[in-house]
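Visitor: Residue numbers (UniProt numbering), protein chains in the order written: chain H, 1 to 202; chain D, 1 to 202.
Among the hints, erroneous ones may be present.
As the list makes no split between identical chains, a pair holds if one copy fits it or if it spans any two.
Only pairs whose alpha carbons sit at most 20 Å apart, straight line, appear in this in silico EDC-like list of lysine to aspartate or glutamate [what the hints assert, rightly or not]:
#1 Lys150 x Glu197
#2 Lys158 x Glu142
#3 Lys191 x Glu85
#4 Lys35 x Glu49
#5 Lys169 x Glu131
#6 Lys191 x Glu201
#7 Lys194 x Glu146
#8 Lys191 x Glu202
#9 Lys169 x Glu148
#10 Lys158 x Asp46
#11 Lys191 x Glu49
Please keep in mind that the hints were generated in silico from the structure rather than gathered at the bench.
There are 2 protein chains.
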Amino acid sequence: MRPNTIICISREYGSGGHEIAEKLSEDLGIKLFDKELIARVAKMADVSEEYISQREETGDYAYIFGVPIGHPATTPMDECILTPEKLFVIQSIAIRQIAEQEKSCIFVGRCADVILQKLPGCHSFFIHSSEAVRIQRIMDTEDVSEREAKRLMKKVDKERASYHNYYTKIKWGHPSNYELVINTGRTGIDKAVKVIESYLEE
Amino acid sequence: MRPNTIICISREYGSGGHEIAEKLSEDLGIKLFDKELIARVAKMADVSEEYISQREETGDYAYIFGVPIGHPATTPMDECILTPEKLFVIQSIAIRQIAEQEKSCIFVGRCADVILQKLPGCHSFFIHSSEAVRIQRIMDTEDVSEREAKRLMKKVDKERASYHNYYTKIKWGHPSNYELVINTGRTGIDKAVKVIESYLEE
């Protein structure tokens, strides 16, 4: 593996993408930026970490603090409103800063695949699985009913797609945006990790 | 690699899928069934090889010999009409026969991914590339203009998708049907071959 390797994992909800990122981090000794990214963004935006983690990567970009984007009654106070667009810009800056400082790093979601796509050594993978496999996984990991797992899967995927497509104008999950699309329903999690590790070997 | 390994390559036109299959065949010493499959099907259907190669894997399943499927004026002679459905059934039988006899083999397209999916040791990969990359490749390999390459790409992809979706009821190119979707526009052909070879290693 090259010394400067940036791994961007995009993933459907319940596909095991986050677990794959964690295992890659452990195996390759490369830091996964998740909670630390949230902390950094929260500091930059001067809000709580909880506030960021609740709002990032959601489809909720049309309204925030009850103020619609493009609201006609703008006042000087509007400068202080952290719109989802501002939050996206701040998060993008944080992601770029980390990639430049750390050289090697791993990101999950958050449009990092597009934000960092032009950096040398940046690789993007999409983790997919069939709905049936994902529903079962969500039931197991979240301890919810089949009905609730299905609802969650549809909701979260819609949010992720909507967020990605809105900010990048690039279709979330389309194979053109990634080097490999891995179907964990067929490969399993460990084999998916191995596929990425083999791929990154010179 | 396991002794019994069946590789099914599905591919967008111009993605380099056939070249990948040829390289896998050479590297792994596993036979690629292409012209030999056509010859076998032609013999089974008692028609010429040219007839088969012109008609297989096309979207042209509604009419053949000018006779629409389900034509009301059936006669005993209709038994002799090689409808596209009959051709598909004969080809499927040939593919299964080869897979059972040869143990290890490689197929490109022809719904082999679905026909053989339940066989142990069967692996399916989809080769994708962005339209821009594929158009350039078609221009180079077929020696045609950009306009003609674009027309060919759309026509052939439509035929392949239509053929696959009609006979298998499974959506061509959807990542749920494959273990890996490989974007040769980003990986290149040789790296795509390596990804599959690493994947097949135990």
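Visitor: Regarding Lys158 and Asp46, is the shortest C-alpha distance of 20 Å or less found within a copy, between copies, in both, or in neither?
Guide: neither (28 Å within a copy, 52 Å between copies)
Visitor: Given identical chains, is Lys191 near Glu49, meaning Cα to Cα at most 20 Å, within a copy, between copies, both, or neither?
Guide: neither (34 Å within a copy, 41 Å between copies)
Visitor: Reference check for the pair Lys169 and Glu131, CA-CA at most 20 Å: within, between, both, or neither?
Guide: between (25 Å within a copy, 17 Å between copies)
Visitor: Given a CA cutoff of 20 Å, do Lys158 and Glu142 count as a within-copy pair, a between-copy pair, both, or neither?
Guide: Classified as within; 18 Å inside a copy, 41 Å across copies.
Visitor: Can you give me the call for Lys150 and Glu197, within, between, both or neither, at a CA distance of at most 20 Å?
Guide: Intra 31 Å, inter 35 Å, cutoff 20 Å: neither.
Visitor: Treating 20 Å as the Cα threshold, decide for Lys191 and Glu85: within, between, both or neither.
Guide: neither (37 Å within a copy, 38 Å between copies)
Visitor: If the cut is 20 Å between Cα atoms, do Lys191 and Glu202 qualify within a copy, between copies, both or neither?
Guide: Both, since 19 Å and 10 Å are each at most 20 Å.
Visitor: For the identical chains here, do Lys35 and Glu49 meet the 20 Å Cα criterion within one copy, between copies, both, or neither?
Guide: within (9 Å within a copy, 61 Å between copies)
Visitor: If the cutoff is 20 Å on CA atoms, where do Lys191 and Glu201 land: within, between, both or neither? Let me know, please.
Guide: Both: 15 Å inside a chain and 11 Å across chains, each within 20 Å.
Visitor: As a check of your reading, is Lys194 near Glu146 (CA-CA no more than 20 Å) within one copy, between copies, both or neither?
Guide: neither (30 Å within a copy, 39 Å between copies)
Visitor: From the Cα coordinates, with 20 Å as the cut-off, is the pair Lys169 and Glu148 best called within, between, both, or neither?
Guide: Classified as neither: same-chain Cα gap 30 Å, cross-chain 28 Å, threshold 20 Å.
Violated hints, listed in ascending order, are 1, 3, 7, 9, 10 and 11; each of the other numbered hints is respected by the structure.
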